[in-house]
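Going down the list, the sequences are from chains G and R.
First residue of the first sequence: 1, per this note's numbering; consecutive thereafter.
First residue of the second sequence: 1001, per this note's numbering; consecutive thereafter.
Read the hints as simulated data drawn from the structure, not as lab findings.
Treat the hints loosely; a few may be bogus.
[Unchecked claim] Cβ-to-Cβ under 7 Å is the rule here; a few derived chain G residues that face chain R:
1) 217
2) 235
3) 237
4) 322
[What the hints assert, rightly or not] According to the in silico footprint, chain G covers these stretches of chain R (three or more CB under 8 Å from chain G):
5) 1206–1219
6) 1322–1330
A virtual CB, placed ideally from N, CA and C, is assigned to each residue, including glycine.
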Amino acid sequence: MTLRTRTVAWSSGLCGLLAAVIVASAGMGSVSIPPTTVAKALLSADPLPFAFEVGRTHRIIVLDVRMPRVALAALVGFALASAGTVMQGFFRNPMADPSIVGVSSGAAVGAVATIVLPFAFPFGLELQGAAFLSAVITAFAVYLIATEDGRTPTATLLLAGVAVQTFLGAIISLLLLHSGQSIRRVVYWLMGHLGGTTWAEVRVIALVLPPLFLLLLAYARDLNVLLLGEEDAHALGIEVERTKRLLLAASSVVTAAAVAVTGVIGFVGLIVPHGMRLLVGPDHRILLPTSALAGASFLVATDTLARSGPAEIPVGIVTAALGAPFFLYLLRSREVTGL
Amino acid sequence: MSGSEDASTAPLVDIADLEVGFGETTVLDGVDAEIDRGTFVGLVGPNGAGKTTLLRTINGTLTPDSGVVAVDGQRIQGLSSKAASRLVATVPQNTAVAFEFDVRTVVEMGRNPHRSRFGGWSDPDGEAVERAFEWTETGEFADRSVSTLSGGERQRVLLARALAQESPLLLLDEPTASLDINHQVRTLELVRSLVSRGKTAVAAIHDLNLAAQYCDELLLLANGECAAFGPPESVLTENSLGDAFGANAVVSRHPITGSVYVTALPEGRRKTGRRTAGRVHVVGGGGTAARYLYVLDAAGYEVSTGALNEGDTDAEAARSLALDVVTVDPFAGVDDDTRESVERRVDAADCTLVADVEVGTGNLPNLRAATRADKVVLVEERPFAERNYVGNEAQRVYESLRSRATVVDPSDVPSAVARAVEDGVAEGESVTGSE
């Protein structure tokens, strides 16, 4: 089977899985709605040409109450898994995740600052805008710190990322000390959550994500060659530094857009690419799209679990609680020596 | 390049006054070289001489502090990496790959310089990859994961990847470094065959003898400069090796391949004038004794040999070891003067070693001279009858020699000589003492 057919087959399969998970998720909750009704409601939604008979209540529950959250989960899962795939390839390090250059810590500082600090930010900057901005600034700062003479060694980048994350962790702790009444909100945000999602938030990510994902996909072949090492990549005609800059920027913006809305959702960007690599191999032309789709399904499913208990819990807890044991299982059952 | 120069005869690589450094350290300090099309150039030199640095500068990874590298008339440093990698393909030294790409994917990566970002896979791409598989005989494991291959197989896969680039110039960094002797030879044979198919290859090679055997020309790097550049026999001389490596080396011809052959000698064994182990005279010829000459010399004996024809392998060996050798012109036979000087050496020796030599009328006097010795060690690999071209006379001499000699296998020569010399010295002392 050629790579192209394999990619199409896997992607179609995972799209089907995602559709099924979405329908199931949108049907679950305090009011249980059968899958056929959910599907009909979804297909009759605004831009689509179908017009099935669906009860008004069910229609509102599916389209206005549950779907924004489900869609956001899918988009954020998609974003984190694709950024994680790129970062693992970029760093040639199986422990790399989307936040490795400090994006999540940066977002957290911005978010926590808007919650805790007693004054409003300039330019009407709200929590999510501040989180996004500080995430991007952090990634850029890490990049600048690690760059010398136009070269950015990945090892330096990795260490600079760790150092900056530690530093930002100190700031977050300091802010937490002074958070007073708002500590609940801060902790809730830090744990990663999808509650209270509106279509407006979904729309922002839906606009940012596709072009950046296509850009990453267009560099899948370069990412493969980079896996051979930078020196080899250069000998094979890759403009190494430029490609690295571009990959780093695109995946950082993708991650920033996701974590700014949902807070820090761990393990999706680490576990999903690993799992898919075991299934489809290391070639990014198939790994990147399948990881992204699997990430979407994974987050929709875990978020459904997170909100289906007696009391809703932040989805970050569920992904970590499920992800860590799975990761340990991978670690034991298969030697994770490289990518 | 001047327009008048014919592109097919102009050198493929032109390196002019190249200086490359890392920070304060200068690695290459003014290297000049022109590499012709269709040649296999071996880059030799001591550790840290800058072989890898030169390769990395030729392929554009490193930017020189000054000087120019031009390939096919184009300055490498002025090209995009894509354009550069259509001219130069590199086989890296480290072939370890820590991920599970299959072989075909890796070889197809060699087409990257020829593909646009959104362009599909074209027929020429497929043909280049198939040709690379064929030339390197790697097609059989095209669908296996690279991580399951042996070192030699991985080496060939990376060579195939470089071939898929379809560049005129091929750079190889220590292609034989981590391979066993069989794969070393196979790899270099393969590069040789690629050169005969029109490629130009530059390879850093650690093993001087392999380099001499397979390369058309050698470039000796030492102290950041090109110490010598030309055919192996003109580059690998005792002087140049002494200067470049600080080594005590002997250069001879390999008896089988005929290429230049370098033997490194233990530090300080030669020309020290402090030989205390004793004197040994060696009867050899035709290459039967060269090994013993080297071994005994290295062990500290004062070694003489002869008479040997001028140009004989053993005579060459003795001369390169700076031993005391008696020679005669080819086919001249041993005249009285020569015979006497051989006899003097046998008399002076504590022990005479007779190699598994073929005996004709020309060298029968050597055998006769050996019968004068007190202590004789005889190496017998073949029965004497098989290497006797004189007849009964020689047979008689040999029998009398054998009757009081220590007959040994080749591997036992050093210990037998040591015993014989010791006995000889001891007897000599007891004789002196009794008088």
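**Asked** Which numbered hints are broken by the structure, listed smallest first?
**Response** 1, 4, 5, 6
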